[in-house]
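Trainee: Next come the chains, spelled out residue by residue.
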Amino acid sequence: MTGKQKIFYFLYLHRTGLAVSALSLSLLVYPFFQDNPYTLGLSNLIAIHVIIVLGLNLFIGFAGQISLGHAAFFGLGAYGSAISTVTFDLPAWPAMLLVAGLVGLVALLVGVPVLRLSGHYLAMATLGFNIVIHTIMLQWDEVTGGPSGFSGVPPLSIGDFAFDDEVRFHYLVWTFALITLMLCLNLVRSGVGRGLAALAGEETAAAALGVDTRRAKVKVFVLSAVMASVAGSLFAHCYGFVSPDSFSIFTSTDMAIMVVIGGMGSVWGSLLGAGFITMLPEWMDVFENYKDFVHGGILVFVLMFLPQGLVTGLLEQIKIKMALTRRKDAAA
Amino acid sequence: MLQLEDLGKRFGGLPALDKVSFEVPRGKLTALIGPNGAGKSTLINCVSGVLKPTEGTVTFAGADITGQPAHDIAHSGIARTFQNLKLFPRLTVLDNVLTGLTCEGGRSMLMAMLRLPYLRHRERQLKLRAMEALDRFGMTDKANWPAGVLSYGDKKRVELARATVGNPQLILLDEPVAGLNAEETAAVGDQLNRLRIAGYTLLLVEHDMDLVMEISDQIVVLDSGRCIASGSPDEVRCNPLVLEAYLGRMDATA
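Protein chains in written order, with our numbering: chain A, 1 to 332; chain B, 1 to 254.
Some clues are possibly wrong.
[Stated by the list, open to error] Simulated pairs of lysine-lysine, DSSO-like, Cα-Cα distance not exceeding 30 Å:
#1 Lys321/A - Lys6/A
#2 Lys127/B - Lys321/A
#3 Lys291/A - Lys4/A
#4 Lys155/B - Lys328/A
#5 Lys319/A - Lys4/A
#6 Lys321/A - Lys155/B
#7 Lys155/B - Lys319/A
#8 Lys19/B - Lys328/A
#9 Lys52/B - Lys28/B
#10 Lys127/B - Lys6/A
#11 Lys28/B - Lys127/B
#12 Lys127/B - Lys155/B
#13 Lys319/A - Lys19/B
#14 Lys52/B - Lys19/B
#15 Lys52/B - Lys155/B
#16 Lys6/A - Lys328/A
#17 Lys291/A - Lys6/A
#18 Lys4/A - Lys321/A
#19 Lys127/B - Lys4/A
#20 Lys155/B - Lys28/B
In short, the hints are calculated from the structure, not lab data.
Can you make the complete structure from the sequences, with help from the hints?
Mentor: Structure (structure tokens):
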């Protein structure tokens, strides 16, 4: 190998690690160049969405299922942290863990019966679950504060250092997002991850290869719910205020759209999907009132022409083109 | 190795398999033949756990595996291929073969997410074994291709590599040469023969009579869900019941 080839081979071999490092580094220095609180606030929201979308993409893109109810887990995490720190005066970090555990349990109880369904039925069941949770948030005034929301959630802190401005949030939420990203990258590159990919491809074949399909689906569902719950806790502590509006079925569909835009089964795509859909309203505030139309239109368009999702779909087309060219070359 | 006793499967009232009993001896290649609709694929599906038999027992290596879920049967050492290829078109060839090692890849999602050193080490070994399996079928140069773009013959080869990579005790092959040309058929036949010589136990469902007669140690003939004959290729070839099932009753000459 020549020197140049060696460098390329090194880059190829360590591409995942290098990409994560590059991303971490740019996020580390980002606040030095960008100190507009509004812009930072947006990028923080992206990070929170990234955490949810990574989990949801494991469920949709890898396990091959569908959920239109993940905003419920996001909301349970947010309200859980808000209620336990304000009403019950629990310390924020342990509360976050406790809430994540409880949300995992809820996901298990919901998942075991619901994941026997598939396709449209599963979409409907998860949607219904979200509506139930949303209604409880709206109606149970004494506990949740009802439609006007729940305010006064304290910021997270380490010792005396409180995460109470946009720059500090930035480091907090992106640390969580990057840890989640790494955990997901590890998972999909493992044997368990391949089992999930097999499950998304063809259930009978996956089972014949030794994947316990029912169990795997429930496990991923619980895992993604826990991630959404952690994102919810961060959301509550960062904004100090939660209201039912943030956790309606429209949030759930937005999350699903982020997965679709990024590409099903693509961990990196989740970042792009979350970023793109979170930024979209900023780029076209003229269309403010038609947001749901635009999102719905994008979803239909992508699913019609690139059913694997926008980014993955395009990359796949390129890969297939390349492989076909090589096949022709080999034949010639 | 594998024993079927009075195995039956009904779809509604219709019997697809009716009291089928035979044994697949260890280290031999047993072929299962019969006209279309004889119940061969149903039988493979009942053994591998895709379908639950309605009566009878399946015993594998001394343990009763009747009606167990497919993934448990896979873990007990039975691998299979599918008649209509079930590769994962979006995964690379190498990853497809690696899915054949699911049983050895570890089950804990948490450990996988932390990517502990022992898992990394194991992962490297699994990759080596997958490459060896690809090498056996002459597919190493296409290891990084998406499986979806492979030619039909190559896909069959990858599926065989996937079925054999975990060194299963028994391999169920559902029509491995269907749709292949003569040259490719000969190549697959050669590979099956090598697997047989290497000591694998194989149960082969196949329509290609030349291939079956050439490489089988034992042949079982199904017709309309019943086992009508079994024995060595020569015995089966001369069995009048078999000729009748395949060619129809020849009253005029009888």
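Trainee: Failing hints, ascending?
Mentor: Violated: hints 3, 8, 13 and 17.
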